[in-house]
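**Q** Those protein sequence lines, which keep their order, are chains Z and Y.
According to our numbering, numbering within the first sequence proceeds without interruption in unit steps and concludes at 290.
According to our numbering, numbering within the second sequence proceeds without interruption in unit steps and concludes at 1073.
Treat the hints with care, as some may be off.
Stated by the list, open to error - Estimated spans, in silico, between C-beta atoms of each pair: (1) Z:266 / Y:1030: 54 to 62 Å; (2) Z:160 / Y:1030: 52 to 60 Å; (3) Y:1030 / Z:203: 44 to 52 Å; (4) Y:1026 / Z:171: 49 to 57 Å; (5) Y:1026 / Z:193: 33 to 41 Å; (6) Z:208 / Y:1030: 21 to 29 Å.
If you're looking for bench data, these hints aren't it; they were derived computationally from the structure.
From the three backbone atoms N, C-alpha and C, an ideal C-beta is built for every residue, glycine too.
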Amino acid sequence: MTDADRHALPVSHPSSRAPADTSEAGWYLYGVTTRAVAEAVPPASLESWGAGPGARRGGPPEFLECGELVAVVRRTATDEFPKEPGEDEALAALVSDHNSVVAAVHREGPILPAKFGLVYADRRDLEMALEQMEDLLRDRLRWLEGRDEWAVHVYADRPAVRESLAATDPDLRRLGQQVSAATPGRAYLLERRLSDRLDSATRQLLDELAQAAYDHLSEIAVEGRLSPYRQETEEAEEILRAAFLVDRESSDRFLRELGTFADGHEHVSCEYSGPWPPYSFALVREEDLS
Amino acid sequence: MRTATAETTDVTLLDLLDRVVDHGVVLAGDITISVADVDLIYLGLRAVLTSVERARELDLVALPGSTEGALDA
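Could you build all of it, start to finish, from the sequences and the hints given here?
**A** Take a look at the structure:
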């Protein structure tokens, strides 16, 4: 079907929120929450959530109730999602819409945010999934009550740490002195040994620092999750990226401790953002299913 | 010392993508479309969102009630 055909289709049910091309219609999933949270949301405010009708096609967010659980969904067409390179701006708008709606629910109470970009063919599929997993999902939502996710990044200036180790570590200093006193041939070998040892001592120190930060923050948080991703800029290397689930009343203390950690270590800095809906803690893990 | 810096906007964008695109619950069912190629999307979106101006237009920075910051020794 061409775009022209689609636009030419008469709207047979003016009250329906379905996109015109119903053959490709689906249900976009934002997340799962409880009936109590859904009831606290004034129905009129749902329309205004997210990026608004201008940015997304299909219908506004709505609640799909199933027992005590509620899926936050909207009617959509599968071709709403750009698949070609160069359509990233449209995709970015949909990512923004996803987070805005999830955050709006999160303000009212716990939500299990869905992964971005899930469109289900049939609402019955969603209802069945909610029915089958009701106990598990309800437990998870109860666990998330009153808690937010915080993102934490710890960066280190590796060359500065290496230099500082060379100046302060007794063994490495001794080796440095031997390099200066040795004959040129021997100095070359000793220098290589010193460089290897410095590399490995720096690596070990930064690993220990990252672990110490993670352990310390995990004690204040309900739970922590390490991210496998890191980034490196000219100024700093990310030695830890993690998400923490934190009780709302502990969030000030959590940020204070993060500040204390950064203050207490030379050549180390931290960045954080939050509070986020609990994206990193929404996944029901395999051990929970067994 | 705790200071909020301009760079933290980038951090929030990065954190947003880390979360929305890479995490979250997936319910069983007939998923007609899932944005499966996460790496491609991630790179593409990063390119778009690196422009802070553009991110502001898309309302990606203003997470209601959110804070961000940089902590330095």
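**Q** For every hint, state whether the structure bears it out.
**A** Results for each hint:
1. Z:266 / Y:1030: 54 to 62 Å: Holds, since residue 266 (chain Z) and residue 1030 (chain Y) (Cβ atoms, about 55 Å apart) stay within the stated range.
2. Z:160 / Y:1030: 52 to 60 Å: Distance hint for residue 160 (chain Z), residue 1030 (chain Y) holds at roughly 54 Å.
3. Y:1030 / Z:203: 44 to 52 Å: holds, 48 Å
4. Y:1026 / Z:171: 49 to 57 Å: holds, 51 Å
5. Y:1026 / Z:193: 33 to 41 Å: Given a distance of about 51 Å, which is not inside 33 to 41 Å, the answer is violated.
6. Z:208 / Y:1030: 21 to 29 Å: violated, 48 Å
In summary, the numbered hints that this structure violates are 5, 6.
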